[in-house]
Each structure stands twice: as structure tokens, then as C-alpha cells.
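Throw the hints in and build the complete structure from the sequences for me.
The working numbering puts the first residue of the sequence shown at 1, with every later residue one more than the last.
These are computed hints drawn from the structure, not numbers from a lab. This one's a predicted model, so the numbers in the text were calculated from it and none came from an experiment. Hints are supplied without guarantee of correctness; some may be wrong.
What the hints assert, rightly or not - Straight-line alpha carbon distances no greater than 25 angstroms define the calculated DMTMM-like cross-link-like pairs of lysine to aspartate or glutamate that follow:
| # | residue 1 | residue 2 |
| --- | --- | --- |
| 1 | K137 | D125 |
| 2 | K137 | D35 |
| 3 | K137 | E121 |
| 4 | K137 | D96 |
| 5 | K137 | D95 |
Unchecked claim - Computed spacing ranges between beta-carbons, pair by pair:
| # | residue 1 | residue 2 | range |
| --- | --- | --- | --- |
| 6 | S66 | G129 | 42 to 52 angstroms |
| 7 | H138 | D20 | 33 to 43 angstroms |
| 8 | A59 | D35 | 22 to 32 angstroms |
| 9 | E68 | L126 | 31 to 41 angstroms |
| 10 | S66 | A114 | 34 to 44 angstroms |
| 11 | D62 | N105 | 29 to 39 angstroms |
| 12 | A114 | E58 | 32 to 42 angstroms |
| 13 | D52 | H84 | 31 to 41 angstroms |
| 14 | H84 | H138 | 16 to 26 angstroms |
| 15 | A82 | A111 | 31 to 41 angstroms |
In this text, a Cβ means the ideal position worked out from N, Cα and C, and glycines have one as well.
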Amino acid sequence: QDTGIIALQSGVVVRDEFPDRFPALHRALFAARHDDGQHLEDRAVVERVLADNGVPAEAVFDRIDSGEALRRVRDEHEEFVASHGVWGVPTFIADDQAVFVRLMNRAPHGADPAASVRAVERVLDLLTGWTELNEFKHTTIPR
Numbered sequence: 001q002d003t004g005i006i007a008l009q010s011g012v013v014v015r016d017e018f019p020d021r022f023p024a025l026h027r028a029l030f031a032a033r034h035d036d037g038q039h040l041e042d043r044a045v046v047e048r049v050l051a052d053n054g055v056p057a058e059a060v061f062d063r064i065d066s067g068e069a070l071r072r073v074r075d076e077h078e079e080f081v082a083s084h085g086v087w088g089v090p091t092f093i094a095d096d097q098a099v100f101v102r103l104m105n106r107a108p109h110g111a112d113p114a115a116s117v118r119a120v121e122r123v124l125d126l127l128t129g130w131t132e133l134n135e136f137k138h139t140t141i142p143r
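In C-alpha cells:
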């Protein structure tokens, strides 16, 4: 029972059943955990984030409580472990290549997306254009 499994399940339900709300919900769940230090294993926290982002929490938790959401998460996880050796998030996948990436900055809501687009394009270029690179990790974080 992972501490983020309720948030993960709710994200998958929203992605599949309320796709127009998914980008905002994804950002809000991330911010709740990483900016505000909230506990995503707390059902009330996730319910509040859902409601604050125009997602019917009751419908999402119906899927979670039925076990359907966890089955989706498990099936997708097992599929990508088998097909690409995926082991963490975020993992970028292009064709038969997969890479775990940890980016250091996140644009604030409403910011010009150009910097974020460039960052993703750089990751994809390394993933698809320079397949000889296997691991590149800073030994310290200059912050």
C-alpha cells in the first residue's frame, strides 16, 4: 500500500473518465504533495483536490472503492514493466526506448509553456537521438 496510491488511482480515473480535467488535477495533486506538504494517502486531501478542480469526487471514489481503479493501475504498470522495464515515474517512452527523468524545475500555473516544452523536447532528443547515453546524474544539486 503505497502512500500515493489513492492519488494515483484518482488520477487514472480522471485521465480516463474526465480527460478535460486531468491536466489541472495532475498539477493540483503534485502541488498538494510537493508544494503544500499534504498527505496524499489521506482520502480527505484527495477528495478536496478533486472537488477544487471540478471533478466529482464521489464518482472517482466509487471506482477506487470498487477496486476498478487499482486494477487499471496494476494492469498498466505490469504492461510497461514487461514491455519497457519501467520502474519509476516520470518515465518517458518513445518506441522501444524508455528513460526515467527527474527535472529540477516546474513552471508555475499560467506561465509561458515555452521553457517546459523545451525541457521535454531535450529529454525526447536524448531518448531518441542519442541512444548511447545510459545514465547521467549529477553528484550534487547546486541549490
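Exercise. When the hints from earlier in the document are held up against this structure, which numbers fail?
Worked result: Those not satisfied: there are none.
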